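Visitor: Since the structure of chain P is provided, determine the placement of chain L on it from the hints.
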Amino acid sequence: MTDRTVPDPAVQAVGLVKTFGAHRAVDGVDLTVRQGTVYGVLGPNGAGKTTTVRMLAGLLRPDGGEARIFGHDVVREADAVRRRVGLTGQYASLDQDLTGMENLVLLGRLSGHPKKGARDRAVQLLRTFGLAEAAGRQVKTYSGGMRRRLDIGASLLNAPDLLFLDEPTTGLDPRSRNQVWEMIRVIVAQGKTVLLTTQYLDEVDRLASRIAVIDKGRVIAEGTKGELKASVGAGAVHLRLRDTVRRTEAEQVLALTLGAEVQREPDPLALTARIDNGDGDGGAGAGDGGAAGRASRALAELARRGITVDSFSLGQPSLDEVFLALTDRRAGPASVGSGHGPGQGIEKERAT
Amino acid sequence: MSTATPGDTAGRHDELPPVPSGSLVELLTAERPSPPGPVSASLAFGWRSMLKIKHIPEQLADVTVLPVMLVLMFTYLFGGALAGSPREYIQYLLPGVLVMSVVMTTMYTGIAINNDIDKGVLDRFRMLPIWRPSTLVGHLLGDVLRYSIASSVMLAVGLLIGFRPEGGVPGVVAGVLLLLVFAFAFSWVGTMFGLLVRDERTVIGASMTVIFPLNFLSDIFVDPQTMPDWLQKLVHNNPITHVASAVRGLMEGRSPGADVAWTLGWSAVLIVVFGSVTMKLYQRK
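For the protein sequence lines, the chains are P and L, in the order given.
Okay, so the first sequence: first residue is 1 according to this note's numbering, each after it adds one.
Okay, so the second sequence: first residue is 1 according to this note's numbering, each after it adds one.
If we strip away everything but chain P, and leave its shape as in the complex, we get (with noise of 0.2 Å):
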């Protein structure tokens, strides 16, 4: 199935646009995800995340721009595309009058399996997902997470090589959220590919290799998470000290050694700097070794001006952060710590 030299992208995506309308809904989206991998495709409602699965998936004929799926182009070859892929949407796409067992037998004999074999195949699915004890209900007796789990596993029946899930968690409550998150990462183990499309940052933070973020119908930056972090910044070290009397020196120790900006917090015993990206290092991100080293140098010079310092800790920049400068840059970093919610607390309780 697979060619022996370089495999054919799972989905790649050029200039795909679908107007609805005036409205651009899709504004030229260009998309690769490599086989065996989860894409994040992140952003606001609104955004054009549903559309641009809805073209990959064969579903909605593009207006300009093109897609293939595992080398097949999704509307000359949409049968080749259908045989290979699953979606799930954000809502269950299933016939709520019927039971789970009749959806999933109906859905298996129109897959291809026999009666007998669609049968057998529904049972297997229903017990999997542990479903067996409602497979006699109507599916508009389930709750939200059972609909969900039934509609991601009417998906799996033709035990597709490219699932989309198309924001698999909205309205989940943690629990389910988890377990559909595991359900994802067992997919991949197997070589599947997972398009994901989220509204959650910690959702693709935790799952995806390579993140995509959508807004207004363009991909306003593409990357792995460590790219996109570091487009940020490679983190911020916070401090809090014992007392207030030497924060005018350790803020320029820290400014000193780190070579970074140090940014006053309300909270007189905070002090928050934000490390850039030092020369070369960074670029993979994550873990970035040295900011680390540059960190605990700071530390160590505190420490030896007897500065004592209470807590600490360094953070990477968050995907919120990330996704906030991307997406409106006045709400950007350069505003963090400027009179936010926690910070008039503090000054609430200083004033008692």
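Hints are supplied without guarantee of correctness; some may be wrong.
[Unchecked claim] Here are the simulated distance ranges between beta carbons:
(1) P:Thr141 - L:Gly265: 33 to 39 Å
(2) P:Gly28 - L:Met208: 40 to 46 Å
(3) L:His236 - P:Phe20: 44 to 50 Å
[Unchecked claim] Straight-line distance between alpha carbons at most 25 Å, and here's what the computed SDA-like set of lysine to any residue pairs gives:
(4) L:Lys280 - L:Ser267
(5) P:Lys140 - L:Arg126
(6) P:Lys140 - L:Pro17
(7) P:Lys116 - L:Pro35
(8) P:Lys225 - P:Leu201
(9) L:Lys280 - L:Trp266
(10) L:Lys119 - P:Met101
(11) L:Lys119 - P:Thr19
(12) P:Lys140 - P:Arg175
[Said to hold, decoys possible] Calculated from the model, a selection of chain L residues having no Cβ within reach of chain P, i.e. all distances over 12 Å:
(13) Tyr76
(14) Gly80
(15) Ala156
(16) Gly171
(17) Ala174
(18) Leu196
(19) Pro213
(20) Gln225
(21) Trp262
(22) Val272
(23) Ser276
Treat the hints as calculated values from the structure; they're not laboratory data.
What you are looking at is a predicted structure, and each value in this text was computed from that prediction instead of being measured.
Using N, Cα and C, we set each Cβ at its ideal position, and we do this for glycine too.
Guide: Chain L alone, transformed into the frame defined by chain P:
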């Protein structure tokens, strides 16, 4: 677009156990079957329609209660005035009312398809590597069952109140079969509306606009001889007139060759025209 449906907010406790990765792997690595042929795909969808009837039997009220009402109402309301007595009138009326009710029932095909789009089920079907029209053909297969039920119920009521078809069982069966062929063809009109318009109500509205005049400007209720010339022309060129005349002829034990031929011709035209328009719309959805 990206809002979760209310049912999705998992406020309810669902104590679902974690998915064991071993059996998940088994599912993932299973052999992929080759796609089903057009016939088995259509039959699978037909099976779905049967299941729908099983789970929502009240839907059958549409194809039983209304037809019975129509038979009783028209027979006793017009019978005396139009044919001297209800008993005489029902001999003429019943085959026509049969046609009328079944043609009206075709509207539900459109509604069902519209619902599938609305709920996102159609997307799942369109993701399958199957013969494209099979979804719609499957719906229509289920509807043929519905039409058969409607016909049987009306015939039973008709027989109870004095309908005595001269054609006997063969004539009646032939009439019903011909009607089923026409209804299958006519359903593609409803299917087209189902794909074309936004919601269920509009499907009903659009279908009724077509079905209502077609039914009444025909020979279902009265012999067109007393109508003004221009109206007679209209009535005689109405497909419903051909179908009603053919079914009536068959049930009366005559051999209405011309009307049967017209009916089959109309059916072919409907399938070719509306079938292809519907499939175009379906591909573009």
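Visitor: Against each hint, give a clear statement of whether it holds in the structure.
Guide: Tested hints:
Distance hint check: the CB atoms of P:Thr141 and L:Gly265 are about 48 Å apart, inconsistent with the given range 33 to 39 Å. Between P:Gly28 and L:Met208 the beta carbons are some 45 Å apart, a value that agrees with the proposed interval 40 to 46 Å. In this structure the hint that L:His236 and P:Phe20 lie 44 to 50 Å apart at CB holds, the actual value being about 46 Å. Straight-line distance between C-alpha atoms of L:Lys280 and L:Ser267 comes to about 19 Å, which keeps the hinted pair within the 25 Å bound.
At most 25 Å may separate the alpha-carbon atoms for a hinted pair to count; P:Lys140 and L:Arg126 meet this at roughly 22 Å. Between P:Lys140 and L:Pro17 the alpha-carbon distance is near 20 Å, which keeps this suggested pair within the 25 Å criterion. Distance hint between P:Lys116 and L:Pro35 is fulfilled; the C-alpha atoms sit about 16 Å from each other, no more than 25 Å. For a cut-off of 25 Å, the pair hint linking P:Lys225 to P:Leu201 stands: about 11 Å separates their Cα positions.
Taking the CA atoms of L:Lys280 and L:Trp266, the gap is about 21 Å. The hint holds against a cut of 25 Å. Restraint check: the Cα-Cα separation between L:Lys119 and P:Met101 comes to about 19 Å, which is no more than 25 Å; the hinted pair holds. In summary, the hint linking L:Lys119 to P:Thr19 is supported, as the alpha carbons are separated by about 23 Å, within the 25 Å threshold. Taken as a hint, the P:Lys140 and P:Arg175 pair is honoured in the structure, with Cα atoms around 22 Å apart against an allowance of 25 Å.
Here L:Tyr76 stays apart from chain P, with its beta-carbon at least about 37 Å from theirs, past the 12 Å limit. With 12 Å as the threshold on Cβ separation, the claim that L:Gly80 sits away from chain P holds: the shortest Cβ distance comes to roughly 45 Å. Chain P leaves L:Ala156 outside its interface by the beta-carbon criterion, the shortest separation being 28 Å against a cut-off of 12 Å. Against chain P, the non-interface label of L:Gly171 holds: every CB pair exceeds 12 Å, the least being about 38 Å.
L:Ala174, annotated as away from the interface, keeps every beta carbon of chain P farther than 12 Å; the closest lies near 33 Å. Against chain P, the non-interface label of L:Leu196 holds: every CB pair exceeds 12 Å, the least being about 17 Å. Every beta carbon of chain P lies more than 12 Å from that of L:Pro213, the smallest distance being close to 33 Å; the non-interface claim holds. Non-interface status of L:Gln225 relative to chain P is upheld: no Cβ of that chain comes within 12 Å, the nearest being about 48 Å off.
Distance check for L:Trp262 against chain P: the nearest CB is about 37 Å away, which clears 12 Å, and the non-interface claim stands. For L:Val272, the shortest C-beta to C-beta distance to chain P comes to about 24 Å, beyond the 12 Å cut-off, and the non-interface label holds. Non-interface status of L:Ser276 relative to chain P is upheld: no Cβ of that chain comes within 12 Å, the nearest being about 18 Å off.
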